[in-house]
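Hey, can you work out the whole structure from these sequences and the hints?
First to last, the protein sequences are chains Y and E. Every letter in the first sequence is one number past the one before it in the numbering used here, and letter 245, counting from 1, is 245. Every letter in the second sequence is one number past the one before it in the numbering used here, and letter 183, counting from 1, is 183.
Hints in this document: simulated from the structure, not taken from any laboratory. Among the hints, erroneous ones may be present.
Pairs of lysine to any residue residues, derived as SDA-like cross-links and limited to a Cα-Cα distance of at most 20 Å, are as follows [stated by the list, open to error]:
| # | chain 1 | residue 1 | chain 2 | residue 2 |
| --- | --- | --- | --- | --- |
| 1 | Y | 110 | E | 167 |
| 2 | E | 278 | Y | 100 |
| 3 | E | 161 | Y | 59 |
| 4 | Y | 85 | E | 181 |
| 5 | Y | 145 | E | 187 |
| 6 | E | 184 | Y | 103 |
| 7 | Y | 195 | Y | 143 |
| 8 | Y | 145 | E | 239 |
| 9 | Y | 76 | Y | 56 |
| 10 | E | 55 | E | 239 |
| 11 | Y | 144 | E | 227 |
| 12 | E | 161 | Y | 97 |
| 13 | Y | 166 | Y | 59 |
| 14 | E | 39 | E | 184 |
| 15 | E | 278 | Y | 166 |
| 16 | E | 55 | E | 246 |
| 17 | E | 228 | E | 53 |
Some but not every residue of chain Y turned toward chain E, in silico, with C-beta under 8 Å [to be verified]:
| # | residue |
| --- | --- |
| 18 | 52 |
| 19 | 57 |
| 20 | 61 |
| 21 | 65 |
| 22 | 81 |
| 23 | 83 |
| 24 | 90 |
| 25 | 98 |
| 26 | 111 |
Backbone N, C-alpha and C fix where the C-beta goes; we use that ideal spot for every residue, glycine too.
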Amino acid sequence: MESPVLKIDSFCAFFSENQVLQNVNMEVRHNKVTALMGPSGCGKTTLLRCVNRMHELVPDATVSGSMHLHDDDLYKMNPIMVRKKIGMVFQRPNPFPTMSIYDNVIAGYKLNGIRISRTERDRIVEESLRGSALWDEVKDRLHKKGTFLSGGQQQRLCIARALAMKPDILLMDEPTSALDPKATAHIEKLITELKDSVTILLVTHNIAQAGRVSDYTAFLYLGDLVEFGTTDKLFTVPDDKRTEEYLSGKFG
Amino acid sequence: MDATVRFRLFKDYLFKLMVVLFACIMLVPLLLILFYIVKNGIAVINWEFLTSLPKPMGELGGGIANAIVGTTMLIIVASVIAVPVGIAAGIYLSENRVGRLPGAVRLCMEILQGVPSIVIGIIAYIWIVISMGTFSALSGGAALAIMMLPVIVRATEETLKLIPENLREASLALGVPYSRTVLKVIMPAGITGILTGILLGVARIAGETAPLLFTAFGSPFMNLNIFKPVDSLPLLVFNYATSPYPEWHAMAWGASFVLVVFVLGINFFAKVIAKKWKVRF
Ligand SMILES: Nc1ncnc2c1ncn2[C@@H]1O[C@H](COP(=O)(O)OP(=O)(O)O)[C@@H](O)[C@H]1O
Ligand SMILES: [Mg+2]
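So this is what it looks like as structure tokens:
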């Protein structure tokens with residue numbers, strides 16, 4: 001089996017004294033969707049934000065353990081470099097309100113002052129918008145503001161913005177929880193299409209969603225990684241009693 | 001309908017009437033001021049009045065070009081000093097909501113806002129006029145900058161505080177360094193609020209007289225040198241209105257008219273900007 005894209009070892013996270021992740025061990029495989037599921041408050045967002053080092057932006061937030069992106073120790077790299085390699089899509093769509101659709105997609109280059117030729121830029125924008133299945137809807141109004149799109153379109157714009165940076169991993173934090181069912185279905189379909197070319201770590205508190213779109217699933221409960229395995233196995237013959245109870249809707 | 005209910009309805013009606021009445025009374029002072037200024041000022045306004053210098057006492061004609069240019073210079077000097085400092089301080093305060101230094105800066109701004117303008121004039125006199133040995137546009141502009149500062153700091157802080165946190169995160173998650181995130185994402189999202197704050201600051205200082213009495217001092221000559229005394233519209237109004245000559249009184253009304261039109265124009269412009277460039281999140 002080829003080596004994982006992301007390897008998380010004995011990882012713990014704290015908000016000052018409050019430990020919210022205990023000894024998490026898991027890995028994320030190349031061009032697969034790995035789902036992180038668990039009830040609200042169990043630490044899913046925290047774990048995700050540790051991967052791109054956003055966790056440390058909270059005052060007094062600390063971590064222990066290690067995370068490796070391929071062979072690089074994420075916690076020995078500069079956080080800015082980490083975030084350029086690891087894309088993130090947030091719970092609420094957050095396009096830049098002052099920028100056009102085009103500029104939103106290319107924002108990772110523009111804001112970082114990375115110079116690229118015009119044709120290259122056009123190509124990245126089109127490719128990313130096609131990648132997030134938004135191209136056909138916006139190709140005639142690329143220079144309109146991104147905030148005039150619908151919620152689902154805004155979220156796909158944010159996915160395009162992350163894809164434009166050609167990330168090694170795309171982190172998604174409950175990307176559909178602020179969207180209506182139709183937009184949710186659209187994004188789920190997009191996720192399954194994206195995994196041909198992108199490695200995805202997806203947080204969801206929706207069991208069915210994890211079942212539908214993921215190849216691997218991790219079940220987090222009260223800061224513990226209870227179980228991690230292929231989605232097929234975890235959903236049919238879970239090892240842990242708590243996983244079984246969670247899947248049958250006993251809590252969460 | 002029995003009598004008590006009708007009486008209550010009547011009281012209710014009376015109450016509404018009173019509220020409207022007092023609201024209308026509020027409009028009276030402004031309308032009176034505008035009426036007087038327009039009535040007395042508009043007669044002297046003409047091209048010569050706006051573009052020529054004052055004539056010596058006894059000669060007819062003359063204008064207030066020196067004061068218009070002087071006020072413009074004072075506003076530019078004050079803005080050049082206050083805008084960068086004010087925006088920087090506002091960014092600092094919105095990024096650091098709690099702590100000792102932010103608390104101290106906030107307190108200073110509040111106190112500064114309450115310091116009488118004449119006192120600020122004295123400070124500028126002691127620091128700049130005395131040490132440079134001359135009244136100057138620079139010292140007047142510095143005094144006005146101190147008056148403008150709290151307005152800009154407050155506007156910047158309040159505007160940036162309202163920018164959703166998830167915008168900052170969107171930028172940081174793309175690997176954009178903090179400084180660029182603030183300058184290229186947060187600031188542009190708040191630009192209308194900041195611009196409005198600057199304009200309101202300008203409107204506030206445009207009519208200040210006291211801090212200029214012993215800094216800019218006033219001058220009947222056309223002067224473009226910031227190290228020399230300059231006239232300003234409110235100073236000119238003050239000097240002419242307190243003189244015994246009716247011709248000068250008329251010119252004071254004319255200068256008041258120009259000043260009021262300018263200040264109202266700025267306020268109007270600020271409203272237009274706030275509406276037109278409103279950023280949708
Ligand atoms: N900024 C924060 N400061 C302090 N505690 C936090 C912060 N964010 C989250 N927490 C705590 O960390 C725990 C895990 O939260 P989170 O990772 O957001 O859970 P989830 O995403 O699974 O709902 C919760 O108990 C929450 O109270
Ligand atoms: Mg969460």
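To see whether the hints hold, each was checked on the structure:
1. With a C-alpha separation of about 16 Å, the suggested pair residue 110 (chain Y) and residue 167 (chain E) falls inside the 20 Å cut-off, and the hint holds.
2. About 15 Å separates the Cα atoms of residue 278 (chain E) and residue 100 (chain Y), which keeps this hinted pair within 20 Å; it holds.
3. Restraint check: the Cα-Cα separation between residue 161 (chain E) and residue 59 (chain Y) comes to about 18 Å, which is no more than 20 Å; the hinted pair holds.
4. Distance hint between residue 85 (chain Y) and residue 181 (chain E) is fulfilled; the C-alpha atoms sit about 18 Å from each other, no more than 20 Å.
5. At most 20 Å may separate the alpha-carbon atoms for a hinted pair to count; residue 145 (chain Y) and residue 187 (chain E) meet this at roughly 17 Å.
6. For the suggested pair residue 184 (chain E) and residue 103 (chain Y), the alpha carbons sit about 12 Å apart, so the restraint of at most 20 Å is met.
7. Taken as a hint, the residue 195 (chain Y) and residue 143 (chain Y) pair is broken in the structure, with Cα atoms around 29 Å apart against an allowance of 20 Å.
8. Restraint check for residue 145 (chain Y) and residue 239 (chain E): not satisfied, since their Cα atoms lie roughly 53 Å apart, outside the 20 Å limit.
9. This hinted pair checks out: residue 76 (chain Y) and residue 56 (chain Y) have alpha carbons roughly 14 Å apart, not beyond 20 Å.
10. As the CA atoms of residue 55 (chain E) and residue 239 (chain E) are separated by approximately 15 Å, the hinted pair is consistent with the 20 Å bound.
11. Of the pairs offered as hints, the one joining residue 144 (chain Y) and residue 227 (chain E) is violated, with about 48 Å between alpha carbons and a cut-off of 20 Å exceeded.
12. With a CA separation close to 16 Å, the supplied pair residue 161 (chain E) and residue 97 (chain Y) stays within the 20 Å bound.
13. Restraint check for residue 166 (chain Y) and residue 59 (chain Y): not satisfied, since their Cα atoms lie roughly 30 Å apart, outside the 20 Å limit.
14. A distance of roughly 48 Å separates the Cα atoms of residue 39 (chain E) and residue 184 (chain E); the hinted pair therefore is violated under the 20 Å criterion.
15. Taken as a hint, the residue 278 (chain E) and residue 166 (chain Y) pair is broken in the structure, with Cα atoms around 33 Å apart against an allowance of 20 Å.
16. Distance check on the hinted pair: residue 55 (chain E) and residue 246 (chain E) sit about 14 Å apart at the alpha-carbon level, within 20 Å; holds.
17. For the hint pairing residue 228 (chain E) with residue 53 (chain E), the CA-to-CA distance comes to about 17 Å; that is within 20 Å, so the pair holds.
18. The criterion of a C-beta within 8 Å of any C-beta in chain E is met by residue 52 (chain Y), whose closest approach is roughly 6 Å, and the hint holds.
19. With 8 Å as the threshold, the beta carbon of residue 57 (chain Y) comes within range of chain E, its nearest partner Cβ sitting at about 7 Å, so the hint holds.
20. The closest approach between the C-beta of residue 61 (chain Y) and any C-beta of chain E is roughly 14 Å, which is over the 8 Å cut-off, so the hint fails.
21. Of the supplied interface hints, the one on residue 65 (chain Y) is violated, with its beta-carbon coming no nearer than about 22 Å to a beta-carbon of chain E, more than 8 Å.
22. The criterion of a C-beta within 8 Å of any C-beta in chain E is met by residue 81 (chain Y), whose closest approach is roughly 7 Å, and the hint holds.
23. Interface restraint check for residue 83 (chain Y): the shortest CB-CB distance to chain E comes to about 4 Å, inside 8 Å, so the restraint holds.
24. A hinted interface residue such as residue 90 (chain Y) counts as satisfied when its beta carbon comes closer than 8 Å to some beta carbon of chain E; here the least separation is about 6 Å, so the hint holds.
25. With 8 Å as the threshold, the beta carbon of residue 98 (chain Y) comes within range of chain E, its nearest partner Cβ sitting at about 4 Å, so the hint holds.
26. Taken as an interface hint, residue 111 (chain Y) checks out: its beta carbon lies about 4 Å from the nearest beta carbon of chain E, inside 8 Å.
This entry does not satisfy hints 7, 8, 11, 13, 14, 15, 20 and 21, going by the numbered hints stated previously.
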